[in-house]
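2 protein chains.
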Amino acid sequence: MFRLLLRTAFLASTTGMLVADLPPPADAEELQPMSAAEFDLLKKTLLYTEDDAKALRASREILAGQTDALLDTWYGFVGANPHLLHFFTRKGDGKPDDAYLAAVRERFKAWVLDTAAADFDAAWLAKQLELGRRHHRSGKNRTDKVDAVENINYRYLPALIVPLYTTIRPYLAAKGNSETEVDAMQEAWRKALVLTVILWSQPYVDPRDF
Amino acid sequence: MFRLLLRTAFLASTTGMLVADLPPPADAEELQPMSAAEFDLLKKTLLYTEDDAKALRASREILAGQTDALLDTWYGFVGANPHLLHFFTRKGDGKPDDAYLAAVRERFKAWVLDTAAADFDAAWLAKQLELGRRHHRSGKNRTDKVDAVENINYRYLPALIVPLYTTIRPYLAAKGNSETEVDAMQEAWRKALVLTVILWSQPYVDPRDF
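Residue numbers (this note's numbering), protein chains in the order written: chain U, 382 to 591; chain G, 382 to 591.
These are calculated hints, taken from the structure and not from any lab test.
Treat identical chains as interchangeable: a pair holds within one or across any two.
Below 27 Å or equal to it, Euclidean Cα-Cα: the simulated DSSO-like pairs (lysine-lysine) are:
id	residue 1	residue 2
1	K425	K521
2	K490	K424
3	K508	K424
4	K490	K435
5	K526	K490
6	K476	K424
7	K425	K472
As the structure is a prediction and not an experimental result, all values here were calculated from the model.
All chains, please: the whole structure from these sequences, using the hints.
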């Protein structure tokens, strides 16, 4: 679906119909989302089970009213780390692009609930590839039509797994669930974050090697 | 140091002095280990502190007498998953290469204690790049002079973080430490595994993007 949208935007822009986002380089455009069979092997490898899906869905109800507070925490962390805030700065003056930060923040909130829905179907797999592109130079800045730093270094995608699963815990615990339930939800989030980062890494890795 | 050793082996082999490992492709050979300054930013990003180093070192004493049992668990997991055992199979007949498995197992045991030493200096950083190469087609099979599958798919490097930190816990708990101490050691292992996988991923990622 995303590929189709991108192609449509590309065709429209080359025929002068609208000032669309730039198309990604051909090699990134050629990437295919992971198949359901491949994703099943990945879930098996990282011990992701139906219990994790249930724990994620339980976390969705708990997090639903707290995504603004959660994003305050996460943006606070990014803002406190200049080497991370860097990826939201303009190439022109090196200053953070506030409109870009605000737009990403809204999508980040939606992503929390989308991940917690644990509905990892073909549309979700295709969306993760698109989200990966938006971190990589093949697609970054395009959605928000900004002139920010061109690429988020790969290394920070896996690294951010740790602060995300660490700082989400107080929000998971905020509605009075037992320690055991909070543990299960946090562990399901760890697995979901690892799965997500693998899929987002695809544009960074040679297709032969991925 | 590793680069020097590789170059020496290459020169020796091209002058017929010994039947050495094949040199890696030029582009992989050009990679530089992560600098200490870059690694500090990575540690900061994933909340790795001196407390984690202490917890890893505490785990080292606990794991020291258990690495054979731990490797039984890990190899049992790999052996039970044909899509993982695949990377240890010969290209010729598709069968697992037992000598290759045995050689990797010995190094895997040493790696456990090396990681737990938490001495993440320049030599360790250089070694992680070399270990990354041994998973990637630029260096796989060379150390053991085997004719196995040419590349471990990138996706399984992050994925294996989860079974490793999950299955190590009973070994961390085997010497009667408190739940709090075991939690701290397991969390330090999670962070060490994420750090390690990032460094091992370097040969898979375009240097501009890494």
